[in-house]
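Protein chains: 2
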Amino acid sequence: MGLPKLTIIKIGGNVIDNSEKLHHFLKDFSALEGLKILVHGGGKIASELGLGMGIIPNMVEGRRITDIETLRVVTMVYAGLINKNLVAQLQNFQCNAIGLSGADGNSIKTVKRAVKDGLDYGYVGDITSDSINVSAISNLLSVSFIPVFSAITHDGNGQLLNTNADTIASSLAQSLSKLYAVDLVYCFEKKGVLSDLNDPESVITLINRTSFETLKQDGIVADGMIPKIKNALEAVEKGVSAVFITCAEDLSNFNHKKSGTKITL
Amino acid sequence: MGLPKLTIIKIGGNVIDNSEKLHHFLKDFSALEGLKILVHGGGKIASELGLGMGIIPNMVEGRRITDIETLRVVTMVYAGLINKNLVAQLQNFQCNAIGLSGADGNSIKTVKRAVKDGLDYGYVGDITSDSINVSAISNLLSVSFIPVFSAITHDGNGQLLNTNADTIASSLAQSLSKLYAVDLVYCFEKKGVLSDLNDPESVITLINRTSFETLKQDGIVADGMIPKIKNALEAVEKGVSAVFITCAEDLSNFNHKKSGTKITL
Numbered sequence: 412m413g414l415p416k417l418t419i420i421k422i423g424g425n426v427i428d429n430s431e432k433l434h435h436f437l438k439d440f441s442a443l444e445g446l447k448i449l450v451h452g453g454g455k456i457a458s459e460l461g462l463g464m465g466i467i468p469n470m471v472e473g474r475r476i477t478d479i480e481t482l483r484v485v486t487m488v489y490a491g492l493i494n495k496n497l498v499a500q501l502q503n504f505q506c507n508a509i510g511l512s513g514a515d516g517n518s519i520k521t522v523k524r525a526v527k528d529g530l531d532y533g534y535v536g537d538i539t540s541d542s543i544n545v546s547a548i549s550n551l552l553s554v555s556f557i558p559v560f561s562a563i564t565h566d567g568n569g570q571l572l573n574t575n576a577d578t579i580a581s582s583l584a585q586s587l588s589k590l591y592a593v594d595l596v597y598c599f600e601k602k603g604v605l606s607d608l609n610d611p612e613s614v615i616t617l618i619n620r621t622s623f624e625t626l627k628q629d630g631i632v633a634d635g636m637i638p639k640i641k642n643a644l645e646a647v648e649k650g651v652s653a654v655f656i657t658c659a660e661d662l663s664n665f666n667h668k669k670s671g672t673k674i675t676l
Numbered sequence: 412m413g414l415p416k417l418t419i420i421k422i423g424g425n426v427i428d429n430s431e432k433l434h435h436f437l438k439d440f441s442a443l444e445g446l447k448i449l450v451h452g453g454g455k456i457a458s459e460l461g462l463g464m465g466i467i468p469n470m471v472e473g474r475r476i477t478d479i480e481t482l483r484v485v486t487m488v489y490a491g492l493i494n495k496n497l498v499a500q501l502q503n504f505q506c507n508a509i510g511l512s513g514a515d516g517n518s519i520k521t522v523k524r525a526v527k528d529g530l531d532y533g534y535v536g537d538i539t540s541d542s543i544n545v546s547a548i549s550n551l552l553s554v555s556f557i558p559v560f561s562a563i564t565h566d567g568n569g570q571l572l573n574t575n576a577d578t579i580a581s582s583l584a585q586s587l588s589k590l591y592a593v594d595l596v597y598c599f600e601k602k603g604v605l606s607d608l609n610d611p612e613s614v615i616t617l618i619n620r621t622s623f624e625t626l627k628q629d630g631i632v633a634d635g636m637i638p639k640i641k642n643a644l645e646a647v648e649k650g651v652s653a654v655f656i657t658c659a660e661d662l663s664n665f666n667h668k669k670s671g672t673k674i675t676l
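Protein chains in written order, with this note's numbering: chain U, 412 to 676; chain H, 412 to 676.
One chain only, chain U, in its complex shape (with noise of 0.2 Å):
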């Protein structure tokens, strides 16, 4: 058991539009021991900026297509409002967050998504191999900064891109896991993958590769929850300790007593 534990927590856009639910999270994040580190999406302020500026946000299968006036309004609010107030918050707490876009610290380096069959994404960034900048994050750590990582990206080449933040969240814990023991978690909308739909409270409290295999069998997950479960798996797969599924209001004292499904090997 030599390696330092390192937590990683990702929120979205159900956090981060809530400031009573963002505040008592940022409280909580705070009060968690050890090393930790906080990756977050965008919520609905990036498209109503956009939209108040004239830009009409241009999804295809819900992904959202990155042109450069796009960029520039996600730049600005994950990696400058949102990333910054986040911070400042968290200071506020006694947590020493620094905020991070990939290009800081050339920490999260992606390539620019090729077009395919027509489809151009614009300026997003896929997640490669190699993308994590292990010895940056980790001098970070070093010195007692808490990184807080928005989903911007860069390709090295003085290029922003835009990046899935699920997959940064997923993508650090796996990279990450050379040097911590990692245990990621993800901040849903439930208490975590639910047995009953109709019942908020009835979570699975542990899936694992042949647990699964059962559960998709009896179509007990089913729909959105089958890819999010399959990365887990595929992260623990990959060296990450173990990978939480819950929801933010349940974070408080997540050091001694772990909430919501826990997803490992």
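Wrong hints could be hidden among the right ones.
Remember, identical chains collapse to one label, so a pair may be satisfied in a single copy or spanning two.
[Stated by the list, open to error] Quick list of in silico lysine-lysine cross-link-like pairs, DSBU-like style, CA-CA up to 30 Å:
#, residue 1, residue 2
1, Lys523, Lys438
2, Lys432, Lys523
3, Lys438, Lys639
4, Lys649, Lys432
The set of hints was computed from the structure by calculation and includes no laboratory data. Treat the numbers as computed from the prediction; the structure is a model and nothing was measured.
Given the coordinates of chain U, work out where chain H should sit on it, guided by the hints.
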């Protein structure tokens, strides 16, 4: 001679608004040897973006009044759009830049300016003698990061504040001179302090407290240049090795061939 050398360079709108000039400056900055820090102001884009969102700049005596909507815009533009693009471009030149607001790592904590004589500057943060977190910044330098500061700070209680970039540069230089031999460089439109405003080549190469008095008496320096030189003299009196007033175009090979006006004890 025991202290390691540190160069702090401040650029403003005249560099940021000109993409060709900016590109050359960033290349020269990347080539500078030794420890270094970049401080950047805003440029026209904040006002333009604000106008596009229906926010009319509110100026009193040449200073922007920062209401809550303006604070949102400058946080987005300075700490997001401009800062992250500068960092991405520096990374392209193999310069290991890390973009910061004063909230990041609690690096610059300021005090919201009090309302005086009925005048409320809004969300403006004033630097105090203990604003600069020397240990946080030296920690970043010690693990080979090159800090790039936007002019957004925080009050330590969760509130971001808009702060003058010239003052940030000067305060960084003064506080960091405890640990480093600091050269502070201001990039202006002109090549330095001119003895003849009609001759752009008439740069006064050296100014100290004594020669400054003579220059003032003889009417050679006047108006806007007087407070700039006064601030520079104050900085060198507080421990900064030298302050340079020069232009961005003359920064190539600055380690070996100083340019512009040098202000020293």
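Hint check results:
Only between protomers do Lys523 and Lys438 lie at most 30 Å apart by alpha-carbon distance; the minimum there is 24 Å, versus 36 Å within a single protomer. Proximity of Lys432 to Lys523 under the C-alpha cut-off of 30 Å is restricted to the inter-copy arrangement: shortest distance 27 Å between copies versus 34 Å within a copy. Only within a single protomer do Lys438 and Lys639 lie at most 30 Å apart by alpha-carbon distance; the minimum there is 27 Å, versus 43 Å between protomers. In the homo-oligomer, the alpha carbons of Lys649 and Lys432 never lie at most 30 Å apart, since the shortest distance is 32 Å inside one protomer and 46 Å across protomers.
The structure shown violates just one earlier hint, number 4.
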